[in-house]
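> Chains U and Z supply the protein sequences, listed in that same order. For the first sequence, our numbering gives the first residue as 1, with consecutive numbering after it. For the second sequence, our numbering gives the first residue as 113, with consecutive numbering after it.
Simulated from the structure, these hints should not be mistaken for lab results. Ideal Cβ placement from N, Cα and C applies to all residues, glycine included. Hints may be right or wrong, so weigh each one.
Computed beta-carbon distance windows for the label pairs [to be verified]:
no.	chain 1	residue 1	chain 2	residue 2	range
1	U	F10	Z	P173	42 to 50 Å
2	Z	P182	U	S12	47 to 55 Å
3	Z	E164	U	V28	28 to 36 Å
4	Z	K125	U	T62	38 to 46 Å
5	Z	L179	U	I107	46 to 54 Å
6	Z	L151	U	V28	26 to 34 Å
7	Z	Q153	U	K57	39 to 47 Å
8	U	S12	Z	D196	23 to 31 Å
9	Z	R175	U	Q14	28 to 36 Å
10	Z	L195	U	N18	36 to 44 Å
Straight line, CA to CA, 27 Å or less: simulated DSSO-like cross-link-like pairs of lysine-lysine [stated by the list, open to error]:
no.	chain 1	residue 1	chain 2	residue 2
11	U	K56	Z	K214
12	U	K59	Z	K125
13	Z	K125	U	K57
14	Z	K125	U	K70
15	U	K70	U	K57
16	U	K70	U	K56
17	U	K70	U	K59
Quick look at which bits of chain Z chain U covers, simulated, 3 or more residues with Cβ under 8 Å [claimed, not checked]:
no.	region
18	149-161
19	180-187
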Amino acid sequence: TQLLEQSPQFLSIQEGENLTVYCNSSSVFSSLQWYRQEPGEGPVLLVTVVTGGEVKKLKRLTFQFGDARKDSSLHITAAQPGDTGLYLCAGFGGTSYGKLTFGQGTILTVHP
Amino acid sequence: ETGVTQSPTHLIKTRGQQVTLRCSSQSGHNTVSWYQQALGQGPQFIFQYYREEENGRGNFPPRFSGLQFPNYSSELNVNALELDDSALYLCASSLLGQVNEKLFFGSGTQLSVL
């Protein structure tokens with residue numbers, strides 16, 4: 001069974017601060033995705049990382065895939081209240097199309 | 113907006129009843145996956161449908177079943193509801209076989225079992 005562990009589970013910060021969310025596993029994933037979910041909505045895809053060591057930037061968000069494709073991180077620079085939400089990492093394993101294994105999520109609250 | 117619509121948005125049932133949840137996938141997508149998200153947890157994979165057949169299943173009992181129709185819309189059926197079935201049920205559509213498959217999620221159906 002493939003498992004993804006996210007940390008921290010909760011994060012409460014002030015506007016303008018930086019933060020990092022971690023996603024770790026003992027399993028190798030063919031690719032890893034990060035989603036953001038708001039209350040009453042489904043997850044929305046932010047990024048997909050495929051290659052070990054890959055770094056992708058999306059405005060103030062930086063995503064990194066570990067060299068061994070077992071872990072990933074999400075770094076947000078100068079957080080804003082609009083960044084508030086549940087951040088989920090999810091991995092595709094093997095040939096299980098559509099079967100995403102999700103982490104338990106990180107609830108981020110950014111206070112003005 | 114993802115183009116994936118789910119109905120109903122909220123539902124209250126009692127233990128032992130049966131429920132049917134519906135999902136219309138995004139235009140051009142041929143695959144539908146269903147996920148269960150308990151409060152405070154990440155979504156868990158229930159099963160996937162492709163070409164009207166089950167194409168992969170997670171660790172859920174047989175009382176969770178599904179259908180996919182020729183227009184690629186889908187249903188999730190749950191029989192003999194239990195209290196622990198209370199959760200947000202998410203449907204995601206995708207195009208099977210594309211590189212770096214992208215899933216587009218609906219807003220979900222919030223099921224409460226009393």
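> Does the structure break any of the earlier hints, and which numbers would those be?
Result: hints 1, 5, 7, 9, 12, 13, 14 and 19 break, sorted rising.
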